[in-house]
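> Going line by line, the protein sequences match chains A and B. Under this note's numbering, the first residue of the first sequence is numbered 44, with each subsequent residue one higher. Under this note's numbering, the first residue of the second sequence is numbered 27, with each subsequent residue one higher.
Since the hints were made in silico from the structure, they are not lab data. Keep in mind that a hint or two might mislead.
[Claimed, not checked] Between beta-carbon pairs, the in silico distance windows are: (1) 279/B x 214/A: 32 to 40 Å; (2) 188/A x 95/B: 47 to 55 Å; (3) 279/B x 205/A: 42 to 50 Å; (4) 161/B x 269/A: 19 to 27 Å.
[As the list claims (entries may be wrong)] Over 10 Å on every C-beta distance to chain B, these chain A residues come out as not near it, computed from the model: (5) 78; (6) 139; (7) 184; (8) 227; (9) 251; (10) 253; (11) 265.
The model shown is predicted, which means the values in this text are computed figures rather than measured ones. Just so it is clear, CB atoms sit at the ideal spot from N, CA and C, and this is done for glycine as well.
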Amino acid sequence: MKDLFQYTAGNSVIHRMNPLTKILLAVCICAAGFISDNIFYLLFLLLLDMMIGLAAGVFKKALSILKGLLKVSIFLFILQVLFVRRGTPVFWIITDEGLMLAAKVVLRLIIACIPLALMLAVTQISDLANALVQVLHLPYKYAFTLTTSIRFIPQFMEEMGDIMEAQTARGVEFDTKNGLKKIGLVLPLCVPLLISSVRRTDATAVAAEVRGFELRTTKSGFKKYPFRLIDLAAFLICAALIAGAVLL
Amino acid sequence: MIKIESLTFQYDGGGEPALRDISLDVEPGGFIGIIGPAGAGKTTLARAIGGMVPHHYKGDFYGSVIVDSMDTVENRMTDISRVVGTVFQDVESQIISSVVEDEMLYGLENFGIPRGEIEERLTFALRQVGIEDLRCRTIASLSGGQRQKVAIASIIALRPKVLLLDEPTGELDPGSSRMVFSLLKEMNERYGLTVIVIEQKIMLLSEFAKQLIVLNEGKIYCSGPVRQVLERAKELEGIGVNCPRVASLAISLKEAGCGEMPVCINVDEAETMVRGLLR
């Protein structure tokens, strides 16, 4: 979770795209995955996901997401296989149609998860927020909410760690092997965490206000986010992906 | 520049007033140090000057605070902050962006600084604070002290008329603390900024500030030029404000019957004084 939103610096083709193009590309890959019913096309999309990861220099991250999805995928696959009753039986109660459908569901799940995570890994959230404000004229308040909440994630995790350490120092057994017991110990900590986060959010609000939060308009950004040739190419790819999904 | 008249403030839900009957006058170009024991109302006073009290922190507000001929109650916090640049005590929560450069740009963009001027101001502020090399780093990768410097730089880039800092050296090592104070002195002397700084390190304050204000239990205990305040070192220790040892030295010598002598504010002065006595 902590490094889910961690930016990976670089200067690849993907990095240089407009933040909005990156998100559009990710959304189009997801959409193509859901529209298409062709298993080969789904496999192609999965391959495309990994290629993007390779091109953007975040292949390791793509692999780790893939690994993370493995358990859920296996569970989903078994469920589908057991519950689909149509088609000709292959082995015991398992049918060929069941296997096919299960494979597609799993592929779709993976295809839907990877692109957005990868794109966020190669996009600064502040760039995304600025682009949303400048290009799509999203009210700055919402963009600020987006950036602040993502910036706060590591801070809150740090804080949670601090609270847990303080409690461990006073003899609370957070290292217990009993999962249920651990949940029972961690839950009460949500109260101090909530209080400190509200306080912190309040302080951040003041800090933003004294630096002209209320004066910010869509034209305020120093960095500009024009669409370039590379973005045009990405748009074409997006259109091709959707067309492919519909036609194949 | 800043005129406070019989200011009394009590936070909503707080039992005792945080500030009682505070009156003070800060001339343009002043360098004021505010000191006092914990709970003396230092931060509340800073908030009142910056307009956070009563706009953000609500409560009963009596008296008046005038900043650059703006009444802080009648004007918006945003307008006051064009004049008063505030660096808060909690560095962690005042950083808004995730990259140093964006953090620096934030205020500049909002206050509508012309594009051509932004780059110059940005590099100026980073150079002044000595963190040019951190420009492209993420905030998460910085140490506490580096974050504090970023917070200070982002305010300096805005070029306010008044620089208000609440314990700006809390996370800094002694060397960096001195550097921050030298920077404040330079901004004060060369660029004519009015500097108001809340600080626990009295040694730094007495060396760099021109005037001291000692707060205790929400009231001004004493105020005036640094030497004048330090002459009351014994009394100040009674309320929990430690004075530099070089200042207490003159007083102890006087008590020991060595005659009248001026209070020293740094080691060099104390050395000259002691040498003079021994001769």
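> Give a verdict on every hint.
Evaluated hints:
Residue 279/B and residue 214/A have their C-beta atoms about 53 Å apart, which leaves the hinted 32 to 40 Å range violated. In this structure the hint that residue 188/A and residue 95/B lie 47 to 55 Å apart at CB is violated, the actual value being about 36 Å. Distance hint for residue 279/B and residue 205/A: a CB-CB separation of about 47 Å, consistent with the stated range 42 to 50 Å. For residue 161/B paired with residue 269/A, a C-beta distance near 23 Å keeps the hint of 19 to 27 Å intact.
The beta carbon of residue 78/A is kept farther than 10 Å from every beta carbon of chain B, the shortest such distance being approximately 35 Å. Residue-level check passed: residue 139/A sits 50 Å from the nearest beta carbon of chain B, beyond 10 Å. For residue 184/A, the non-interface assignment is confirmed: its Cβ lies about 13 Å from the closest Cβ of chain B, beyond the 10 Å cut-off. Residue placement check: residue 227/A keeps its beta carbon more than 10 Å from all beta carbons of chain B (closest about 30 Å).
Once the 10 Å rule is applied to beta carbons, residue 251/A is inconsistent with being away from chain B; the minimum gap is 6 Å. Annotated as non-interface, residue 253/A brings its C-beta within 10 Å of a C-beta of chain B; the closest such distance is 4 Å. A Cβ of chain B approaches the Cβ of residue 265/A within 10 Å, the least distance being about 5 Å, so the stated non-interface status is violated.
Hint compliance for this structure: hints 1, 2, 9, 10 and 11 are not met, and every other hint is.
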